[in-house]
Amino acid sequence: MSTAGAPIIRAEGVAQRFGANTIFRDVSFTVAQKEVFVILGGSGCGKSTLMRQLIGLLEPTAGHIEVLGHDMSRERRLVLPRIGVMFQSGALFGSMSLLENVMLPLEIFTNLPPPARAVVARTKLGLVGLADAADLPPAEVSGGMIKRAAIARALALDPPLLFLDEPAAGLDPITSAGLDKLILELRAALGVTFIVVTHELSSIMAIADRCIMLDRDAHGLIAEGVPQQLKAESKNPIVHAFFHREVL
Amino acid sequence: MVDVTERPGHGEARRASLKRIDRGESVALVFTGRLDADGVARLWTQTLKAAAGARGRPLLYDLSAVSFCDTAGAALLVAAENTHGEPARLTGEAEGLDLLLERVRQALPPPRPGARASARRPAFHPLSLGLAAAAGGIAFLGETVVAGLLVPRRLRMLRPEDLFAVADQAGVRAMPLILLLGFLIGLILAFQSAVPMQAFGAVIYVANLVSISLFRELGPLLAAVILSGRTASAFAAEIGTMKVNEEIDALSTMGIDPVTMLVLPRMIAAVLVMPMLTIGLEIAGLAGMTVVMEIFGFPLAAIVRQVQGAARIGDFTGGLFKAVCFAAVVAAIGCNRGLTTGQGPRAVGVSTTAAVVGGIVATIALDGIFALIFYRLNL
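First to last, the protein sequences are chains A and B.
For the first sequence, the positions run 1 to 248 when the numbering used here is used.
For the second sequence, the positions run 1001 to 1379 when the numbering used here is used.
If you are wondering where the hints come from, they were derived from the structure by calculation, not from laboratory data.
Since no wrong hints were added, every one of them can be taken at face value.
Looking from chain A toward chain B, a few residues come up when the C-beta cut is under 10 Å (computed):
# : residue
1 : PHE109
2 : THR110
3 : LEU112
4 : ARG122
5 : LEU125
6 : PRO137
7 : PRO138
Pair ranges (Cβ atoms, derived):
#  : chain 1 : residue 1 : chain 2 : residue 2 : range
8  : A       : GLY170    : B       : GLY1148   : 34 to 42 Å
9  : B       : ILE1256   : A       : HIS64     : 52 to 60 Å
10 : A       : ASP71     : B       : GLU1246   : 39 to 47 Å
Every residue gets a Cβ at the ideal spot worked out from N, C-alpha and C, and that includes glycine.
Start from the sequences, fold in the hints, and give me the full structure.
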């Protein structure tokens, strides 16, 4: 996959502290358009915290984040309608069917007539392979289907940028591989840029064009690059251990 | 989106528009501008109408002047094809669009003949729902009775610390509210009665009216209503959350009877604290009445004597007996609603509401039955 094109995300010297506890500091990276960019690292290293900063739910204690050409600290409102987010739990609304969940952003942010909203929402569910489950409530579908439906909802407004928080968490290997395939298909079909937070090694190797690795003890970035290269060439013992599933 | 994003040379043609060209043997739909959600909103009805009008003849899409198309735009094109009945043929330059269109065609197949797209909602049949609730209530009653009978064999499952915690929550912590409400009810009832009775010189009989009302009816009834709103709702929410979190299933798989461990302590605690709450409410009510009577010039000794003469011990004990029955029913309804909580985040809220409503309705219905029984027994 080519990573050519203007950066869609630019993070410079980003830090996050909670009281005296520094989660990470001086994190800088860029993400190109149509890239599948993975934020990885062990538990507690701040992957999800960094994603919350990127989607504007958390203000960095230092540094600067630019998404789609807008400064997230000042122009967050301009960015939010143009990004889609899939949270770790899926965060589907339990009182609505999958179709209604996908229709909700269309109802609020577009002037589409109701039949058009339903057709567009069914299209999104069809894209993630859930056309037949559209009328089911989230409580009646599997974990993998919930994640797919959450991706469909995140795609509702055709955002150019999609954030996925731990998409493979809690899924069996086959469902997880199916989700990886879906991410690559959606990137190919719709040209979406994906930011994926995960520590699932098989997913990282399958989908990532580039990645950054955070480390809890280093309080920041310890590696950046193409995962296959990092696996083969990195001299950092933590990076090596991560990619080769070794005990430090 | 896709590779057709903002094609050069089409920057000005941002507003979506549609032109229908009848070519005799075929119909061409010429789209221009941005086919995004806004453009689709503008063109939806017009496009489907044009596609329906072209039935029986080949449909052509000219997308060469489309500057941008996302999945909403592609959904419009595919919906128009489905309305027309045949796939449309693309004419003109449409780089990248054919791929997107093919994806959306796969995602949005034509509707099957006779298929109806409708959200699956459970049908609302009040009678069957009522019967199911009654059957569930009877089954729960049976389970509770059996659990109660088996307590000697399951004594370890009945944890005293749970019982004391519930008694503290439902009784001691409810007392300030009970005292405040009782005082205000006594005050208001006495004042509202005293004003008209003053015209007949019968203000002293306000003591009879208020004390008998409190002992026989208002004390147990209001305490039960507070128990429903404050405690039964908490029971339903606690047990309902445990149900949603599969904690009830965990208890069952460990061989621990959920009714013995969760329901019985709550029912016992509610039954134990209810007389205390009722007496508290009645005393506070009498205090409120005393304040009004003193304002009307009656000394405390006269008020006490009047109350002693008016109310019989049977009024007081009968009220307490009713209160204990109300407490058992209200607590049972709260626990039952918790155990029958469904799935999803709304379920706990639904159970809590049902516990409060069910508790209040059951209390009033039971009070009516007690009124009949007490009348027949001349109590």
